[in-house]
Amino acid sequence: MIELRGVSKSVPSGSSVLTILHPIDLVVPDGKVVAITGASGSGKSTLLGLIAGLDAPTGGHIAIDGVDITALDEDALARLRGRRIGFVFQFFHLLPSLTALENILVPMEIAGVPGARTRAIALLEEVGLSQRGHHYPSQLSGGEQQRVAIARALANDPPLLLADEPTGNLDSTTGRQIIDLLLQANRSRGTTLLLVTHDPELAAVAHMSVALRDGRVVSQTGPDPAPPIPDPTSHIPDAGQ
Amino acid sequence: MNFVLKMVARELRASWRRLLFFFVCVAIGVAAIVTLRSIIQSIRTGLMREARATIASDVLVQSTRPWTPEIRAELDDRLAKAPVQARTESIETATMVRAERGAPVARMVELRGVEAGYPFYGTVVLQNGAPYSHALIEHAGTLVRPELLAQLGVKLDDRILIGGQPFTIRGVIDQEPGRRVGGFSLGSRVLVDLVDLRKTGLLTFGSRANYQLLLKVRADGVDNLTRDVRAGFRDRFVTARSYRSTEDQIGESLQRAENFLSLVGFVIVVLGGIGVWSVTRVFVRQKIRSVAILKCVGASTAQVLATYVLQVALLAAAGSLIGVAIAAVAIRAIPAALTESFGGLPYGLTGSAVLQGLTVGLLVSVLFALVPLLDIRRIKPLLLIRGADTTIAVTPTAAGARGLSARLRHIDWLQMGLAAAVGAALVGVASWQAGSWRAGAAVSIGFAAVSAVLYVAAFALVRFVMPLASAPWFPLRHAVISLRRPGNQTRVILLAVGLGSFFVLGVRALQSNLVSEFDVGVTRGGADMFIIDVQRDQVEGVQSLLRERQDPGTSPARLVPVLRARVTAVRGRDVNLENVGDVRGRGSLAREYVITYRDNLESNERIVEGKFWNGAGPLPADAPLSEVSVEESIHERFNIHIGDEMRFDVLGRTLAARVTSIRHVEWGDARSGGFMFVFRPGSLSQAPHTFIGFVKAPDDPTARARLQYDLVARYPNITAIDGREILARIQHVIDNAVLGISVVGGIALLSGVLILIGAVAMTKFQRVYESAILRTLGASTRLLMTTLAIEYCALGLLAGAIGAAGALGLSWGVTRYVFDISWRPVPGLLAAGALLTALLVVAVGVLASADVLRKKPLATLRAE
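Residue numbers (our numbering), protein chains in the order written: chain A, 1211 to 1451; chain B, 55 to 918.
Check before you lean on any hint, since a few could be wrong.
[To be verified] What follows is a set of in silico ranges between Cβ atoms, one per label pair, in the way DEER data are often shown: (1) B:63 to A:1351: 25 to 31 angstroms; (2) A:1382 to B:804: 56 to 62 angstroms; (3) B:527 to A:1382: 30 to 36 angstroms; (4) A:1322 to B:431: 43 to 49 angstroms; (5) B:475 to A:1224: 33 to 39 angstroms; (6) B:431 to A:1324: 28 to 34 angstroms.
[Unchecked claim] Derived lysine to any residue pairs resembling SDA-like cross-links, with alpha carbons at most 25 angstroms apart: (7) B:135 to B:299; (8) B:270 to B:290; (9) B:60 to B:432; (10) B:60 to A:1311; (11) B:60 to A:1379; (12) B:270 to B:282; (13) B:434 to A:1379; (14) B:135 to B:284; (15) B:434 to A:1282; (16) B:434 to A:1286; (17) B:270 to B:281; (18) B:434 to A:1334; (19) B:60 to A:1341; (20) B:60 to A:1284; (21) B:60 to A:1327; (22) B:60 to A:1329; (23) B:434 to A:1228; (24) B:434 to A:1294; (25) B:60 to A:1294; (26) B:209 to B:776; (27) B:60 to A:1307; (28) B:434 to A:1229; (29) B:60 to A:1334; (30) B:60 to A:1215; (31) B:434 to A:1324; (32) B:60 to A:1331; (33) B:434 to A:1222; (34) B:60 to A:1222; (35) B:434 to A:1335; (36) B:434 to A:1327; (37) B:60 to A:1323; (38) B:434 to A:1224; (39) B:434 to A:1331; (40) B:434 to A:1220.
Calculated from the structure, these hints are not laboratory results.
Backbone N, C-alpha and C define an ideal beta-carbon position, used for all residues, glycine too.
With the hints as constraints, model all of the structure from the sequences given.
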């Protein structure tokens, strides 16, 4: 479960202080899909970054499964992310010097998980890239890169998956496939999924939706009985672009 | 750890090409250290191995005077008490030889008369592989060097005249123990039987001969015997040295040479280190996103840091190994002329040099890489969701910070502390390489001072050019903006290029100072032949022969009486040396001086204090004290003043004299010779003495040779030294030294330039993105190149000028305090150096960015 209590963020800007997030309270039960929506600059990514422990809030507390992450230092946060949080970015952010397979291996190696290679191969297969494991990111299409990024995010089987506009840099067909992969993770593993998105369609299928404007929550839906999440009708591997 | 190792392997696989320059920097520095140190170490090992052969014995007792019966008896007594296993005698003297039949030329040689036991160590190697034995030279036989055969136009079994006596050439010496081809000597070696040498009449009174007793001594008795003889004969012109003291002397001077060259090597490594620093800085910038990703997926800062430090260490180790390989190739490629100046000793890579090179290479690269790598700690994974903003949070600039306290809060104390520790470690490594804390600290302080000036200059430059940021000309405006934009390379380039040019120009300036110090020339019209050992009854004859042969119009030859004397006491205002022991305490005052007497001053002398006895005639016979004129430097160094009373030992006779004048001697113009002590005629006229002559010999080489030949034919005991020949020989030795210095300077220059190129080339990565954007906005290649050229030119000129100023200071300090030679500023060289630096920086900067400019901008923008 994710709990935010009075979480705010402001940064100095010249001689004044700029508030990016006004105090927010939010509770996300385990296993839910949450869509965070809003215009550019509304504070969506900042909120996601705070939950991932990538940034520290100016005020308030964030607890993940009862652990107050605002009290943790950088290395403890890194360990927490390694074990409990998977992250998918808009710009994929794969390590360019590593192959697809190696990119998936990295979080498991950091955590010292045994049998990492077997699992990485299985994950590659799961995202439909079993033939592309030895390719470098520069040799993969955007969609393929994002699928590797999802496999990497799922490597340590984290209970929480954060995705920052995961389809923002992809065409709609490819984007659809990515969303399917993410939702499938939620469905089959019970992974809590927090998505930052502009896509109203995606927001519609979420259990919960949080809309932000100028750093404030303007609307919040759910949690309510989850609508049936559509089963991906087909699973077409990306042909590359 | 497992993760770290795997990441290192993967990263290296992908990025080693980009770090190629890193290799180059480390490799060049290590190659320099290993090459220079290996050569010197090989020479030292070779010479040490031959230390016994150098003196052909365990202990060598020698005197410049014939053994007197008393000394002989006492010496025998002392030797009887020591574990002496064998002894043999030998006499060395410089003399003239000529062919009995053949060309009318006479040559000066170094004649050595030996007994049957010679040599105890080492071997006389004869040409054609003939074995050496004493029987070869018995009964007027002789062994000579091949060059003498050519000079005299003689061959094996011909006869040559030594001291007027005929000797048959029975062999040709290829190699002789303790004598090396490149070393300096007055003439080539001639070996005869000691018995025959004594018969020649060369060992007349006052002749310059060295009487030697070669001893083979049991190892445990060597030091005791050497000490015992030294102490026992301290005041009687007898000295002793063992192969061990030879070893120490050679060892010490070579150790100094090794340390000096190693320091040069170390400085090259430091330059490489600056290259490493520059590469690492760019590398970290390029890795910002990767570091953020690793942190995002759970890696701790320590793990990430370990990954990159280990990577750097591995690259440094690889670079160092390549450096060793380069050194191995370089040593093989050394020209034969240099081998000769090292005495023809074999040399190759030495284990200790390789080990030191590897250690220094690894240490310096890791030290230089550590500070920029620490930036990794400040990379926040947050930047991944902030899009393309991939800069490291740095100390805010003046605009962002509010006051001193805000600035202080933003200082990364760990990084500062580490930088200080790295500095201290570098001083340590420098001192280790120089073999002295002082030299190490001096070099480090020099580097630090130039760095500080460059750092301040970078700020000043940015300030100074600020008004130009609104210049109407686009390239100028953008060049200025580039110099001061966030994340600019102004400081890095200034530091790397400035230090590089400082060092390279410094070495060049030193080299030119050293070389001009060696510049010797023959003064036209001055004396160029020296005649020594002329006996009193030969003066008339020699003078008339010279008058006959000299070119018309040249100043007539003069023969000057000389004696050898030692100071045994000084009693005076500031100094009171009662006996020989006291004098000895004054160092070089105790040495043997050549003295003369005359009643006039020479053209190269003038009185600075007191009164000379000019034309006053000889001293009255009843005068209690003689009069002596003292050379200026003796007066200054030993505090000897007018009125002081000095006592001299002149061939066993005590002579007391009062100092009546202080003389300045123009040593550069030594046509009339130069003497530390000149006596008033009278007291010495009756003492036994010989004469020397300073002669302007005929210019025609045949006439010179003929004069030499006839002098020796008529007076076999005298020696005529051809100054031109000696100068040619000195010039040869100097040429070798100059070649050596130039090679070291060349290595430094080459490494410096390569490192410079690298440091500048690395900065291109910073411009790729900007150039791409400007291109999309319509900037032409020419416009971009002009902008780049202006920016690099400003940096190059400033760095070159500061480097040149530093080099001027360096050459002054080193010539004055290390080499103890006069300093010549070399403004032309330094100005040209500064200009060349600027040109080089512009050329490298623009050329390195050429591929950036050729690339389609879209590819660059996509990659970013």
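**Message:** Let me make sure I understand: some of the numbered hints might not hold for this structure. Which ones are they, in numerical order?
**Reply:** Violated hints: 3, 4, 11, 18, 30, 31, 34, 35, 36, 39; rest satisfied.
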